[in-house]
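There are 2 protein chains.
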Amino acid sequence: MVDKRLVEYVNNNIERFAGDVARLVSQPSVSARKEGLEECAELVRKMMEEVGVRARILKYQDAAPLVYGEISSSKSSKTVLFYNHYDVQPEDPRELWNSDPFKGEIRDGRVYGRGASDDKGELVSRLKLVESYVKTFGEPPCNFKFCVEGEEEVGSVHLHEYVERNSELFRSDAVFWEYGEIDLAGRPSIALGMKGMIYLEFRVKELEADAHSSAAAVLPSAPWKLVRLLNILKDENERILVPGWYDHVENISEEEEAVLKEQEFDAESFLKAYGAKSFVGNMNAEQAKKALALRPTANIAGIHSGYTGPGSKTVLPSEAFCKIDFRLVPEQDPQDLMEKLRKYITEKGFGDIEIKVESMERAARTSFKDPFVRAAREAAQAVFGVKPILKLSEAGTGPLYVFTKRYGVPAVVMGVSSTDSMIHAPNENLRIENLRKGILWFAETVERYITT
Amino acid sequence: MVDKRLVEYVNNNIERFAGDVARLVSQPSVSARKEGLEECAELVRKMMEEVGVRARILKYQDAAPLVYGEISSSKSSKTVLFYNHYDVQPEDPRELWNSDPFKGEIRDGRVYGRGASDDKGELVSRLKLVESYVKTFGEPPCNFKFCVEGEEEVGSVHLHEYVERNSELFRSDAVFWEYGEIDLAGRPSIALGMKGMIYLEFRVKELEADAHSSAAAVLPSAPWKLVRLLNILKDENERILVPGWYDHVENISEEEEAVLKEQEFDAESFLKAYGAKSFVGNMNAEQAKKALALRPTANIAGIHSGYTGPGSKTVLPSEAFCKIDFRLVPEQDPQDLMEKLRKYITEKGFGDIEIKVESMERAARTSFKDPFVRAAREAAQAVFGVKPILKLSEAGTGPLYVFTKRYGVPAVVMGVSSTDSMIHAPNENLRIENLRKGILWFAETVERYITT
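Top to bottom, those sequences are chains U and L.
Residues in the first sequence are numbered from 33 upward in steps of one, following the working numbering.
Residues in the second sequence are numbered from 33 upward in steps of one, following the working numbering.
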């Protein structure tokens, strides 16, 4: 168990830590709009220096800056790397927020604002871990490194280049990934991988200009064409219809199946958090749990065509577009899938539709038998007093493979967000009690890991 | 033939007439946004008085005001009614306009701006017809009435009430409908009817709040549901799949078939005006001509869900909606069709989707054998020197049946717009030469009609 003095330091300073989450939230940093990124990187650098981390800002062409930090320890030769990001998702629809998304507001034991959990709250929990060690013992228990990028929410489009060009900087023995969820019953989760993703836009153009909709009797319609394209992408059972899409999707091993079975999953809370009546396709909780970890998806993130204001406008729109994210599992190669997708839609008569690929990422997964994973599990039991939820994979995406593949090191996805943190949605928030316990969990994990 | 002095007056004043189109365009009047309607009605009233028409503004509850006008004649007991509207479609997408949509701009022989053709240019052509008679001969050749409403672009939702409550005011012997097209070869068209319309919105809500798109593996998706609904509404051959939709659609008579066959239709110009490669479903020109007059349609006027800004946002949208206009033919009853539509989508499992009906209008059609129609045809030949294009029905919609059914009078749809007037689209415009010829055509039609 971690030293009592560290626990006391965290307990005594937790309100101030929450204030620092609000402080970081108050600097907007929406990567989709390239808004506030330089300023936020500078604030992160400053906050690192404040807790004793030597920090600097890396730049690559016109990419968002990446903040690198390190602090060494005389107590262990091991190095643990924290991966986080300072950019956030756009805040819209703004009218559904109960407080300003870019003014961190503390109420009812939570910090509210865009990024309060994803990923500014998570980053602050790790910076405060360092502060707590430095203030209590003068140094951390092992070497820590920070990799805090500014383009995660737009697909980490330059992370590969940053790592490639600074290969020695990012070497470590184990990686803490950006975030993790604690459920509404207070059980933390440890995920061992993330899904990959293809994010793309389909753009349909049928006319040079919008026409009066009476012409719809004879002129081709961009939105109808888009609807027809979407309809051949996925069937009613959520199966993606592109031939070969599931070719390299492997069945999981019996041991992994057992891990999955043991994984607790509060289906009711999950549904309740989104106000959903049931899972899609009437899946039961077991099936939903498996789908979150292992199912490739095709999601319409946005669609638009024509007049969408109040009242009626009788127009035949010349153009239509939609944004789709496809989540991938470890065996799927995004390049290969894109070729199959292009071939398929061309054969189906949609070859003239423009496809703009926004980003592509492979999936990644660490073995559940790794000592780093064991340390995280035991630490969770010690701090939270319950068995953690072990997940073969998060349902979400992140460029985990950039580190795990290059350096051959384990990575765990764990953190301080909550099932009801509303990440990527209005009223995103962080529970301050999760922040407190999370910091202690990281401390416990690191101390157990360095003695293995 | 009309008196030479009238022709001279029109020719000598045509630039000033064009200026009055620009003047009326410069008063925004977007009924979808309830913007500028009172002001525009007042301007129309003023412009009527300026040409010698006794005008007054009618009001009904919170509906847009309707401008009524009349001028009597000692020369004939016949009364001709002009139906027009002073409201316009929204101007978006604004960035595609080459000049301010609400500052009428005259360049290259055209007036540019929202409403330059539809319907402010048309209205001004009729007011200037009156002015030309009054200034030249002291009075018009017969009694004229004006019915200028402010809700045409949102489905003429209160026109029935206005006519019902002022039934005597709107009595006439024949009706000139709001507009008509002159093709790029200079041939005017006379249409004898208009299609009906159902304008509605489908609203899908699957979650209480937007979710992170990783949850798409297990949560239902509003935009996918909307796509699936749309997909069962219409097949690839443009046939609406709602059972019974075509039940009351009658075949046209042999005589009407002959009129249709004789109707000229410049397919190439039509396609060119919209930058379309071909007609939908690879129809030939004959088929397209028939479809414009007689085919019931289902058009996606707008669709929206989720994130549609720049870059990528990985969100599972909680809601989705689309706006659809269905064009109807004379035998179809909107109420009956709505019942069939609701029954169909409920049976197909979409009964929980909200349907908001914006407006419903029946179609109408005048016999091509009517003397008023003959007068208009002969007048066209006299003024333009070519045989007019006779259409059994316009492809567009208007509440023609409100007048034709109540009073049992003929109506012709004719006017001064052009195939390339870009109505309802950016860079809407009116050709000034069409304005000049159109005024003379109306004069010629009226003079021939009152002697029948």
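In case anyone wonders, no lab produced these hints; they're calculated from the structure.
Predicted model only: the values in this text are computed from it and were never measured.
Incorrect hints may have been included.
[Claimed, not checked] The calculated EDC-like cross-link candidates involving lysine to aspartate or glutamate, where the alpha carbons are at most 16 Å apart (straight line), are: (1) U:K177 with U:E200; (2) L:K309 with U:E288; (3) L:K91 with L:E70; (4) L:K380 with U:E268; (5) L:K135 with L:D124; (6) U:K322 with U:E288; (7) L:K237 with L:D384; (8) U:K309 with L:D124; (9) U:K309 with L:E268; (10) U:K401 with U:E287; (11) L:K437 with L:E363; (12) L:K304 with U:E240; (13) L:K237 with L:E351; (14) U:K309 with L:E240; (15) L:K419 with L:E240; (16) U:K437 with U:E193; (17) L:K66 with L:D94; (18) L:K309 with U:D384; (19) L:K91 with L:E196; (20) L:K322 with L:E286; (21) U:K304 with L:E386; (22) L:K309 with U:E268; (23) L:K237 with L:E386; (24) L:K167 with L:D35; (25) L:K36 with L:E363; (26) U:K107 with U:E171; (27) U:K110 with U:E171; (28) L:K91 with L:E71; (29) U:K380 with L:E71; (30) U:K322 with U:E351.
[Claimed, not checked] Here are the simulated distance ranges between beta carbons: (31) U:V418 with L:N263: 42 to 50 Å; (32) U:G141 with L:P275: 51 to 59 Å; (33) U:E70 with L:E127: 49 to 57 Å; (34) U:L128 with L:E127: 24 to 32 Å; (35) U:I387 with L:G307: 18 to 26 Å; (36) U:E268 with L:E127: 54 to 62 Å; (37) L:L201 with U:E268: 50 to 58 Å; (38) L:D94 with U:N269: 18 to 26 Å; (39) U:N269 with L:G307: 54 to 62 Å.
Every residue gets a Cβ at the ideal spot worked out from N, C-alpha and C, and that includes glycine.
Hint by hint, here is what the structure shows:
The straight-line distance between the Cα atoms of K177 (chain U) and E200 (chain U) is roughly 12 Å, inside the 16 Å bound, and the hint therefore holds. About 55 Å separates the Cα atoms of K309 (chain L) and E288 (chain U), which puts this hinted pair outside 16 Å; it is violated. Between K91 (chain L) and E70 (chain L) the alpha-carbon distance is near 10 Å, which keeps this suggested pair within the 16 Å criterion. As the CA atoms of K380 (chain L) and E268 (chain U) are separated by approximately 13 Å, the hinted pair is consistent with the 16 Å bound.
Between K135 (chain L) and D124 (chain L) the CA atoms are separated by roughly 15 Å; this keeps the pair inside 16 Å, and the hint holds. At roughly 11 Å between alpha-carbon atoms, K322 (chain U) and E288 (chain U) fall within 16 Å of each other, so this suggested pair holds. Between K237 (chain L) and D384 (chain L) the CA atoms are separated by roughly 9 Å; this keeps the pair inside 16 Å, and the hint holds. Of the supplied pair hints, the one linking K309 (chain U) and D124 (chain L) is violated, its CA atoms being roughly 38 Å apart against a limit of 16 Å.
Note on K309 (chain U) and E268 (chain L): the hinted pairing is violated, with a Cα-Cα distance of about 33 Å set against a maximum of 16 Å. Of the pairs offered as hints, the one joining K401 (chain U) and E287 (chain U) holds, with about 10 Å between alpha carbons and a cut-off of 16 Å not exceeded. The hinted pair formed by K437 (chain L) and E363 (chain L) meets the criterion: a straight-line CA distance of about 14 Å does not exceed 16 Å. Proximity of K304 (chain L) to E240 (chain U) is assessed by CA-CA distance (about 9 Å); at most 16 Å being required, the pair is judged to hold.
At roughly 4 Å between alpha-carbon atoms, K237 (chain L) and E351 (chain L) fall within 16 Å of each other, so this suggested pair holds. At most 16 Å may separate the alpha-carbon atoms for a hinted pair to count; K309 (chain U) and E240 (chain L) meet this at roughly 10 Å. Of the supplied pair hints, the one linking K419 (chain L) and E240 (chain L) is violated, its CA atoms being roughly 61 Å apart against a limit of 16 Å. Among the hinted pairs, K437 (chain U) with E193 (chain U) is consistent with the structure: their alpha-carbon atoms are about 15 Å apart, no more than 16 Å.
With a C-alpha separation of about 11 Å, the suggested pair K66 (chain L) and D94 (chain L) falls inside the 16 Å cut-off, and the hint holds. Between K309 (chain L) and D384 (chain U) the alpha-carbon distance is near 13 Å, which keeps this suggested pair within the 16 Å criterion. Distance check on the hinted pair: K91 (chain L) and E196 (chain L) sit about 13 Å apart at the alpha-carbon level, within 16 Å; holds. The suggested pairing of K322 (chain L) with E286 (chain L) holds, with an alpha-carbon distance near 14 Å, which does not exceed 16 Å.
For the proposed pair K304 (chain U) and E386 (chain L), the alpha carbon gap of about 22 Å is over 16 Å, so the pair is violated. A C-alpha spacing of about 33 Å is found between K309 (chain L) and E268 (chain U), which places the hinted pair above 16 Å, so the restraint is violated. Between K237 (chain L) and E386 (chain L) the alpha-carbon distance is near 9 Å, which keeps this suggested pair within the 16 Å criterion. Note on K167 (chain L) and D35 (chain L): the hinted pairing holds, with a Cα-Cα distance of about 13 Å set against a maximum of 16 Å.
At most 16 Å may separate the alpha-carbon atoms for a hinted pair to count; K36 (chain L) and E363 (chain L) exceed this at roughly 45 Å. A distance of roughly 9 Å separates the Cα atoms of K107 (chain U) and E171 (chain U); the hinted pair therefore holds under the 16 Å criterion. Of the pairs offered as hints, the one joining K110 (chain U) and E171 (chain U) holds, with about 14 Å between alpha carbons and a cut-off of 16 Å not exceeded. A threshold of 16 Å between alpha carbons decides the hint, and for K91 (chain L) with E71 (chain L) the separation of about 14 Å falls inside it, so the pair holds.
Note on K380 (chain U) and E71 (chain L): the hinted pairing is violated, with a Cα-Cα distance of about 53 Å set against a maximum of 16 Å. For the hint pairing K322 (chain U) with E351 (chain U), the CA-to-CA distance comes to about 38 Å; that exceeds 16 Å, so the pair is violated. The beta-carbon spacing between V418 (chain U) and N263 (chain L), approximately 46 Å, falls within the hinted interval of 42 to 50 Å. For G141 (chain U) paired with P275 (chain L), a C-beta distance near 56 Å keeps the hint of 51 to 59 Å intact.
Between E70 (chain U) and E127 (chain L) the CB atoms are about 28 Å apart, so this pair departs from the stated range of 49 to 57 Å. Take L128 (chain U) and E127 (chain L): their Cβ atoms lie about 27 Å apart, and the range 24 to 32 Å holds. A C-beta distance of roughly 22 Å is found between I387 (chain U) and G307 (chain L), which places it inside the suggested range of 18 to 26 Å. Evaluation of the 54 to 62 Å hint for E268 (chain U) and E127 (chain L) yields a failure: the beta carbon distance comes to about 39 Å.
At roughly 56 Å, the beta-carbon separation of L201 (chain L) and E268 (chain U) lies within the given 50 to 58 Å, and the hint holds. Take D94 (chain L) and N269 (chain U): their Cβ atoms lie about 49 Å apart, and the range 18 to 26 Å is violated. Roughly 39 Å separates the CB atoms of N269 (chain U) and G307 (chain L), a value that falls outside the hinted 54 to 62 Å.
In the structure shown, a violation is registered for the earlier hints numbered 2, 8, 9, 15, 21, 22, 25, 29, 30, 33, 36, 38 and 39, in ascending order.
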